[in-house]
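Enquirer: Per this note's numbering, numbering of the sequence shown is gapless, rising by one per residue and ending at 392.
Some hints could be false.
Listed next, with one range per pair, are the computed distances between beta-carbon atoms [stated by the list, open to error]:
{"no.": "1", "residue 1": "Ile204", "residue 2": "Ser96", "range": "47 to 55 Å"}
{"no.": "2", "residue 1": "Asp247", "residue 2": "Val193", "range": "55 to 63 Å"}
{"no.": "3", "residue 1": "Ile241", "residue 2": "Leu198", "range": "19 to 27 Å"}
{"no.": "4", "residue 1": "Gly340", "residue 2": "Leu245", "range": "20 to 28 Å"}
{"no.": "5", "residue 1": "Ala97", "residue 2": "Asp247", "range": "50 to 58 Å"}
{"no.": "6", "residue 1": "Asn273", "residue 2": "Thr98", "range": "18 to 26 Å"}
{"no.": "7", "residue 1": "Ile241", "residue 2": "Ser374", "range": "39 to 47 Å"}
{"no.": "8", "residue 1": "Ser124", "residue 2": "Trp69", "range": "14 to 22 Å"}
{"no.": "9", "residue 1": "Ser374", "residue 2": "His104", "range": "42 to 50 Å"}
Listed below are the simulated DMTMM-like cross-link pairs for lysine to aspartate or glutamate, each with C-alpha atoms no more than 25 Å apart in a straight line [unchecked claim]:
{"no.": "10", "residue 1": "Lys164", "residue 2": "Glu132"}
{"no.": "11", "residue 1": "Lys341", "residue 2": "Glu132"}
{"no.": "12", "residue 1": "Lys105", "residue 2": "Glu132"}
{"no.": "13", "residue 1": "Lys164", "residue 2": "Asp195"}
Everything labelled a hint here was simulated from the structure, so no lab data went into it. No residue lacks a Cβ here, since even glycine has one placed at the ideal position from N, Cα and C.
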Amino acid sequence: MSEEVILQDSNAAPIMPVQEQTEVASGDAFTAPEPLHRPIWHQILFGPSGLRPGWGLLLFIALIIGLSATTGAIVHKFHHPAKAAAPHSGTVVPQSAESSLITEGISFSLVAIATWIMGRVESRPVGTYGFGGSRKVVPFLAGLAWGAVFLSILVGALWKAGLLVFDGRLLQGPTILRDGAIWALGFLLVGLFEEYLLRGYLQITLSRGLASIYNMLFDTTHGEALGFGTAAVILSFVFGLGHGNNPGESPIGLLSAGLIGLIFCLTLWRTGSLWWALGFHASWDWAQSFLFGVADSGTIVEGHLFASHPVGKVLMSGGATGPEGSIFILPLLVVVTGAVFLTLPSQRASASAALSTEPATSAP
C-alpha cells in the first residue's frame with residue numbers, strides 16, 4: 029500500500045486535512061445564520077417598500093388633525109375672531125388680506141410639517157411629494173401665465189354675453205401695486221396649502237397603495253396608472269366637496285372645482301411635480317378675486333381692483349359662486365386639458381420615481 033504525500037511550499041500555511049475541516053465547519057464558530065423572523069407587528073406595519081401606504085395615510089391624517097387642533101387651541105387662547113357667516117346663509121363677508129395671509133400661511137405650514145415628518149418616517153425625500161424635480165421655475169411661471177389667461181377668457185366671455193357687468197375701478201395709484209402684491213402672496217399660500225394637502229403626500233401615497241392592490245388582484249402592468257387615476261378621482265372629489273363650506277357655492281361650482289383638481293392631478297402625472305399646478309392655481313384665484321373683483325367659489329375679498337356683479341340666470345352667470353359657477357367653465361376646462369397635453373411634455377421618469385413602490389433608501 030503506497031503512502032500519499034502532500035507537497036507544499038515551506039512558507040505556505042499548512043493545509044488542514046479534509047476530516048479536520050469538516051469537524052471545524054460543523055463547530056459553533058461556523059454555524060449558518062438562521063432566517064430573520066420579524067415580529068408580527070412589524071409585518072403588519074411594514075412591507076417590502078417600508079411603511080405600508082394605509083398606515084402612512086392614517087398617520088398623516090392624524091398628524092394634520094393633531095397639529096390643527098393644537099394650533100387652533102393656541103390661537104383661540106390669544107385671539108377670538110368674529111363669527112363668520114354660515115355656509116349658504118346668504119351673507120357673504122369679504123375676506124381681508126390679513127386674515128387670508130395668517131390662515132393660509134398657518135395651514136400650509138402645518139401640512140409642510142406633517143409631510144416632512146412622513147418623509148422622515150418613510151425615509152423618502154420631501155421632494156417626492158410634489159414639489160421636487162430639477163425644473164421648478166419654468167413650469168411655475170408657465171402655470172402662472174396660463175391661469176391668468178384662461179380666467180381672463182372666462183370673464184371676458186361672461187362680460188361679452190352680458191352676464192357680467194363691471195361697475196368701475198376701486199383702487200388708484202400705488203394702492204394697486206400694494207394690494208395686488210399682498211393678494212398675490214395670499215393666493216400663492218392658498219395654492220401651496222391646497223395643492224400640498226390633497227395632491228402631495230395623500231395623492232402619492234394613496235396611488236402607491238392602490239397600485240399595489242391592482243397589481244395583486246389583476247396581475248397587471250398598468251397598476252401604477254390605475255392607482256394614480258383612482259386616487260386622483262377620490263381626492264379631486266374631496267377637493268370639490270371641500271368647497272361646499274363656502275358661502276354662495278353651487279353645484280356647478282363644486283363640479284368645476286373637482287374637475288380643476290383632476291386637471292392638476294394630470295399635470296402631476298405628466299411632470300412628476302406640482303409646480304405648474306401651483307402657478308395656475310395661484311394666478312387663477314388672484315385674477316378672479318383681486319383683478320376682476322368677482323366671487324371665487326362663493327367667496328369675495330377686500331381690496332380688489334375692479335367692482336363687478338353677475339346678471340341673468342345663475343346657471344349662465346355663475347351668480348354668487350362667481351365664474352366657476354357658470355356652465356361656461358365646462359368647455360373652458362376641456363381647452364385647459366388640451367393645453368396641458370400640448371404644452372407639458374410627459375416626464376414619466378420623474379413621475380414614476382415619485383410613485384415607486386421600491387424600498388425607500390434616503391431621507392431628506
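Enquirer: Please flag the earlier hints that this structure goes against, numbers listed from lowest up.
Expert: Those not satisfied are hints 1, 3, 4, 5, 7, 8, 11, 13.
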